[in-house]
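Protein chains: 2
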Amino acid sequence: MRLDKDTPPRFPAPMTITGRNAHREDNMPHDSLELRSTITADGTLRVNLDRVSVPDPGKGELLVRVEAAPVNPSDLGLLFGPADMATLKAEGTKDAPVLTASVPPHLLPAVSARLDQSMPVGNEGAGTVIAAGPDLQDLIGRRVAMIGGAMYAELRLIRPEACIVLPEGAGAAEGAALFVNPLTALGFVETMRAEGHKAIVHVPAASNLGQMLVRICKADGIELVNIVRSPAQAELLRGIGATHVLDSSAPDFRRTLEEAIAATEATLAFDAIGGGEMTSTILNAIEAVAARSLESYDRYGSSTMKQVYVYGALDTGPTILKRGFGFTWGIGGWLLFNALKRMDPAIVQRMRERVAAEMTTTFASHYTATISLADVLKPEIALACQKKATGEKYLITP
Amino acid sequence: MRLDKDTPPRFPAPMTITGRNAHREDNMPHDSLELRSTITADGTLRVNLDRVSVPDPGKGELLVRVEAAPVNPSDLGLLFGPADMATLKAEGTKDAPVLTASVPPHLLPAVSARLDQSMPVGNEGAGTVIAAGPDLQDLIGRRVAMIGGAMYAELRLIRPEACIVLPEGAGAAEGAALFVNPLTALGFVETMRAEGHKAIVHVPAASNLGQMLVRICKADGIELVNIVRSPAQAELLRGIGATHVLDSSAPDFRRTLEEAIAATEATLAFDAIGGGEMTSTILNAIEAVAARSLESYDRYGSSTMKQVYVYGALDTGPTILKRGFGFTWGIGGWLLFNALKRMDPAIVQRMRERVAAEMTTTFASHYTATISLADVLKPEIALACQKKATGEKYLITP
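These protein sequences, in sequence, are chains A and B. Per our numbering, the first sequence runs over residues 1 to 398. Per our numbering, the second sequence runs over residues 1 to 398.
No lab work stands behind these hints: they were computed from the structure. Heads up, some of the hints might be wrong.
[Unchecked claim] Result set (BS3-like, lysine-lysine): computed pairs, CA atoms no more than 27 Å apart in a straight line: (1) Lys322(B) to Lys198(B); (2) Lys393(A) to Lys94(A); (3) Lys198(A) to Lys218(A); (4) Lys322(A) to Lys322(B); (5) Lys322(A) to Lys387(B); (6) Lys94(B) to Lys341(B); (7) Lys89(B) to Lys378(B); (8) Lys322(A) to Lys198(A); (9) Lys198(B) to Lys341(A); (10) Lys322(B) to Lys94(B); (11) Lys393(B) to Lys89(B); (12) Lys387(A) to Lys322(B); (13) Lys393(B) to Lys218(B); (14) Lys341(B) to Lys198(A); (15) Lys94(A) to Lys387(A).
These figures come from a predicted structure and were not determined experimentally.
Just need the whole structure built from these sequences, with the hints factored in.
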């Protein structure tokens with residue numbers, strides 16, 4: 001987690017020892033198994049489990065037993081870095097397993113800032129408060145959703161600002177992914193409003209996040225163009241009420257994309273693929289639709305502002321822009337933490353309240369399988385996590 | 001010129017006949033030779049000279065004898081479109097020459113909106129007022145700089161809002177290019193201020209526009225990183241006072257680019273190349289410099305906002321983005337007319353006044369050769385105009 005000078009940390013930083021004012025039951029654990037990822041200077045990825053000692057919670061702190069943490073695409077960058085997944089190997093012992101892989105030398109400079117550092121992993125999760133500072137005793141026993149990194153662990157010391165207290169009876173799996181995807185999907189809609197667009201194109205749209213966006217837009221009366229990668233995914237989205245669903249593998253994709261953009265007047269897109277030509281294809285389609293209403297030729301293109309935000313990197317290859325879309329366009333990175341910083345705090349608060357209220361409906365996530373911390377160190381499971389196939393999603397239950 | 005519903009025209013539109021209140025000398029010409037470009041539906045570019053009749057100037061109008069008009073890169077797109085310049089042919093007769101070329105079939109859809117239309121060409125120029133509406137008689141005999149299209153012609157009917165009246169004694173060549181390049185260079189600086197950057201990277205920097213930017217930044221105390229394509233261009237820029245000049249053909253270009261960015265703290269760039277990897281290289285260099293001051297690894301990259309505006313298309317090939325620059329970045333098209341619309345009118349007025357005051361110094365342009373309207377129809381000259389080699393610039397004197 002970064003703590004630079006100019007900006008607040010994007011997530012609350014993992015806690016350090018804060019004093020002796022312990023408030024925990026006598027039989028409470030004082031150490032925690034924690035998943036760590038290291039890339040060594042000689043180009044080896046090492047993922048292992050460390051036994052770390054956990055301090056007693058001080059004032060303003062909660063000690064949470066982590067019960068569920070999703071493997072999000074945004075976790076994989078830190079977990080496996082740019083390692084060659086074909087070289088995955090199980091090493092170490094049965095009690096202290098280690099997963100290794102080679103990092104191609106030409107990719108090492110991109111991760112120079114993390115070399116030889118043992119990094120905790122896991123953006124978000126849910127668990128039960130087992131101890132708390134003197135001011136937070138009423139939260140003991142409550143289940144909370146958390147954001148802040150280092151969630152692939154048995155225990156997490158955390159501040160309540162980084163938590164949502166879940167309703168009584170809520171399961172850990174239900175609360176495990178209430179930050180990254182829900183706030184991102186709601187953030188897209190806020191970005192749309194702030195920048196004056198009226199509809200959104202989303203790709204790939206069948207992810208957990210995409211499904212949330214379908215439900216949000218349906219509830220809020222916003223038109224959404226969903227681009228998926230197979231007929232089955234198209235079926236899935238139509239099943240939850242999506243209207244405009246396009247299969248990018250279909251031969252008439254470009255034509256149907258223009259039709260959907262014309263029908264919705266979408267001029268804004270969010271692309272989690274990043275590499276390849278999808279961003280370019282969307283910009284060209286928006287421009288082609290805008291050009292239909294030009295009264296005469298303009299060599300600078302239409303004056304319709306076309307914007308695509310790249311918020312993921314499912315394809316880490318180069319982005320290829322075939323600039324047939326004039327001069328009135330923008331592309332940018334979109335990062336939840338940057339977006340939240342720019343928003344009115346009242347909007348952010350409303351977003352959090354909506355997530356809590358609709359956790360089992362709008363913001364429900366679905367998982368392919370539940371795995372243990374040690375399972376992540378098995379090459380076949382690591383590979384399955386890394387595949388990032390839409391609809392394949394793992395939940396770690398430490 | 002476009003006249004769409006939502007926005008004012010980017011340039012004043014060419015005038016149409018406005019009435020019988022003629023105010024012109026008896027021996028004044030009533031028709032004008034005008035250069036026209038047509039792309040036919042079957043894929044042929046035709047450039048020819050039309051004899052068009054010019055109405056008498058009405059109220060609020062000036063009739064100007066065009067004396068000089070530059071061939072800007074921004075004119076070439078309309079003049080030659082996507083024609084294959086290897087197929088240029090001189091046709092027609094001596095008195096009515098025609099230049100033709102083939103447009104490759106796959107590039108025709110990009111210009112579908114102009115097919116079979118005879119388009120006048122020439123964004124800007126200068127000339128002498130030879131007749132005027134009753135309210136503008138005092139301008140007869142004055143030399144003016146003009147913007148508005150259709151400048152590759154003997155006569156231009158125009159409104160005074162689209163003109164700068166030049167000081168007595170100013171030559172036509174001096175006034176021919178006082179809009180596009182000067183306002184673009186000043187616009188870059190205004191964009192820098194509006195978006196909170198403190199220095200600029202510019203490529204390619206040895207153009208007439210680049211030289212203006214060097215002089216503006218020097219006068220205004222703004223740091224500028226100049227990327228050129230040869231040692232001779234580097235020498236030229238150093239000769240007019242540029243400090244950071246990098247040759248992109250040098251083997252240590254990437255290293256020196258990072259050094260210059262570190263020295264200037266530039267986080268904004270303007271790229272007229274468009275195609276290829278220059279935009280990507282600049283973003284990666286800015287990110288590499290920003291990453292130096294990160295206290296710990298952040299897999300989302302630095303939080304330093306990195307922005308590149310593409311304002312030209314010297315390379316019309318795809319833009320290739322190798323996204324090693326995190327998630328806090330933007331790329332966009334930059335168009336003078338969009339930028340002017342967003343600016344405070346008082347700023348635009350100050351820009352125009354500065355251009356008039358510094359026309360022979362900061363905003364002086366240099367030309368390789370002076371050519372006639374008919375010369376443009378000669379294949380060898382058309383080819384030379386299209387080459388867009390920095391430092392090669394033609395001035396048409398109708």
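Outcome of the hint check:
1. Lys322(B) to Lys198(B): With a Cα-Cα distance of about 25 Å, the restraint between Lys322(B) and Lys198(B) holds, given a limit of 27 Å.
2. Lys393(A) to Lys94(A): Given that 27 Å is the threshold and the Cα spacing comes to 26 Å, the pair holds.
3. Lys198(A) to Lys218(A): holds, 14 Å
4. Lys322(A) to Lys322(B): holds, 15 Å
5. Lys322(A) to Lys387(B): Since the Cα atoms of Lys322(A) and Lys387(B) sit roughly 21 Å apart, the hinted pair holds (cutoff 27 Å).
6. Lys94(B) to Lys341(B): violated, 44 Å
7. Lys89(B) to Lys378(B): Holds. Lys89(B) to Lys378(B) sits at ~8 Å (cutoff 27 Å).
8. Lys322(A) to Lys198(A): holds, 25 Å
9. Lys198(B) to Lys341(A): Holds, because 22 Å separates the two Cα atoms, which is no more than 27 Å.
10. Lys322(B) to Lys94(B): Roughly 52 Å between the alpha carbons, so the hint for Lys322(B) and Lys94(B) is violated.
11. Lys393(B) to Lys89(B): holds, 22 Å
12. Lys387(A) to Lys322(B): Given pair Lys387(A), Lys322(B) holds - Cα atoms ~21 Å apart, limit 27 Å.
13. Lys393(B) to Lys218(B): holds, 24 Å
14. Lys341(B) to Lys198(A): holds, 22 Å
15. Lys94(A) to Lys387(A): Distance of about 26 Å is within 27 Å: holds.
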